[in-house]
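Peer 1: If you read the sequences in order, they're chains B and S.
Counting along the first sequence from 1, when you hit position 6 you're at 6 in our numbering, and nothing is skipped either side.
Counting along the second sequence from 1, when you hit position 108 you're at 108 in our numbering, and nothing is skipped either side.
None of these hints come from the bench; they were simulated from the model.
Quick reminder that beta carbons are idealized off the backbone N, C-alpha and C, glycines included.
Careful: at least some of the hints might be erroneous.
[To be verified] Chain B residues, not near chain S, derived (Cβ > 10 Å throughout):
no. : residue
1   : Q6
2   : N18
3   : H29
4   : G40
5   : E62
6   : S65
7   : K70
8   : E72
9   : A81
10  : L90
11  : E100
12  : G104
[Claimed, not checked] Incomplete in silico selection of chain S near chain B, CB under 8 Å:
no. : residue
13  : S14
14  : L18
15  : L44
16  : R100
17  : G107
[To be verified] The following residues of chain B were derived to be distant from chain S, with all beta-carbon distances above 10 Å:
no. : residue
18  : R13
19  : A31
20  : R68
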Amino acid sequence: DGGITQSPKYLFRKEGQNVTLSCEQNLNHDAMYWYRQDPGQGLRLIYYSQIVNDFQKGDIAEGYSVSREKKESFPLTVTSAQKNPTAFYLCASADSFNTEAFFGQGTRLTVV
Amino acid sequence: AQSVTQLGSHVSVSEGALVLLRCNYSSSVPPYLFWYVQYPNQGLQLLLKYTSAATLVKGINGFEAEFKKSETSFHLTKPSAHMSDAAEYFCAVSMDTGRRALTFGSGTRLQVQP
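Extracted from the complex, chain B is given alone in its bound form (with noise of 0.2 Å):
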């Protein structure tokens, strides 16, 4: 089945430490897209890719890292300068900026 995958489902991070994200899509979509989710303040975007080896950083970049070697996998790095990680983070790619985004079912992240 075509999709995106994230994983893991569930990620504990110590102070500290960096963590790495992961997202795969098989739908042969250009862009990807990586946004956190808290409550109460809908999705707000980190970084953002349109092609291989090119992106961009979003509203909330600081504290985050990101690559795009391949058009399939976006993965999102979190490292220790970013001081409240513990969100929910969804991963998302589309043919193009006005078409549907498709999203995967989300990372819980917590700092422990």
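Using the hints provided, position chain S relative to the given structure of chain B.
Peer 2: What follows is chain S alone, placed relative to chain B:
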């Protein structure tokens, strides 16, 4: 810059009653507008989208939305609520210039009372 405002973080209706979820957008150029639904601990699913064709857009599960340029609105409606409609709903906007990514509203949680 593009932005979205959803009025009412929580809406409660009785089963069988009309559902109305409000969305207003700000965009300097003709926007593309979307409504998504999210069930607990899940990703988002597209309900419907407006991409400059018909102003009244029909989506899945009996939902529809009307694009009103004069009011910069894209409200979501359903004539008769069902218990299974209880979820969080997000309005989103995208434009053909600048940042080509969806901007989301803060969401409206719909509660359906029996």
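Peer 1: Determine for every hint whether it applies to the structure shown.
Peer 2: Hints versus structure:
{"no.": "1", "hint": "Q6", "verdict": "violated, 8 Å"}
{"no.": "2", "hint": "N18", "verdict": "holds, 24 Å"}
{"no.": "3", "hint": "H29", "verdict": "holds, 13 Å"}
{"no.": "4", "hint": "G40", "verdict": "violated, 6 Å"}
{"no.": "5", "hint": "E62", "verdict": "holds, 17 Å"}
{"no.": "6", "hint": "S65", "verdict": "holds, 18 Å"}
{"no.": "7", "hint": "K70", "verdict": "holds, 20 Å"}
{"no.": "8", "hint": "E72", "verdict": "holds, 17 Å"}
{"no.": "9", "hint": "A81", "verdict": "holds, 23 Å"}
{"no.": "10", "hint": "L90", "verdict": "violated, 6 Å"}
{"no.": "11", "hint": "E100", "verdict": "violated, 5 Å"}
{"no.": "12", "hint": "G104", "verdict": "violated, 5 Å"}
{"no.": "13", "hint": "S14", "verdict": "violated, 25 Å"}
{"no.": "14", "hint": "L18", "verdict": "violated, 24 Å"}
{"no.": "15", "hint": "L44", "verdict": "holds, 4 Å"}
{"no.": "16", "hint": "R100", "verdict": "holds, 3 Å"}
{"no.": "17", "hint": "G107", "verdict": "holds, 5 Å"}
{"no.": "18", "hint": "R13", "verdict": "holds, 19 Å"}
{"no.": "19", "hint": "A31", "verdict": "violated, 7 Å"}
{"no.": "20", "hint": "R68", "verdict": "holds, 14 Å"}
Of the numbered hints stated above, those contradicted by the structure are hints 1, 4, 10, 11, 12, 13, 14 and 19, listed in ascending order.
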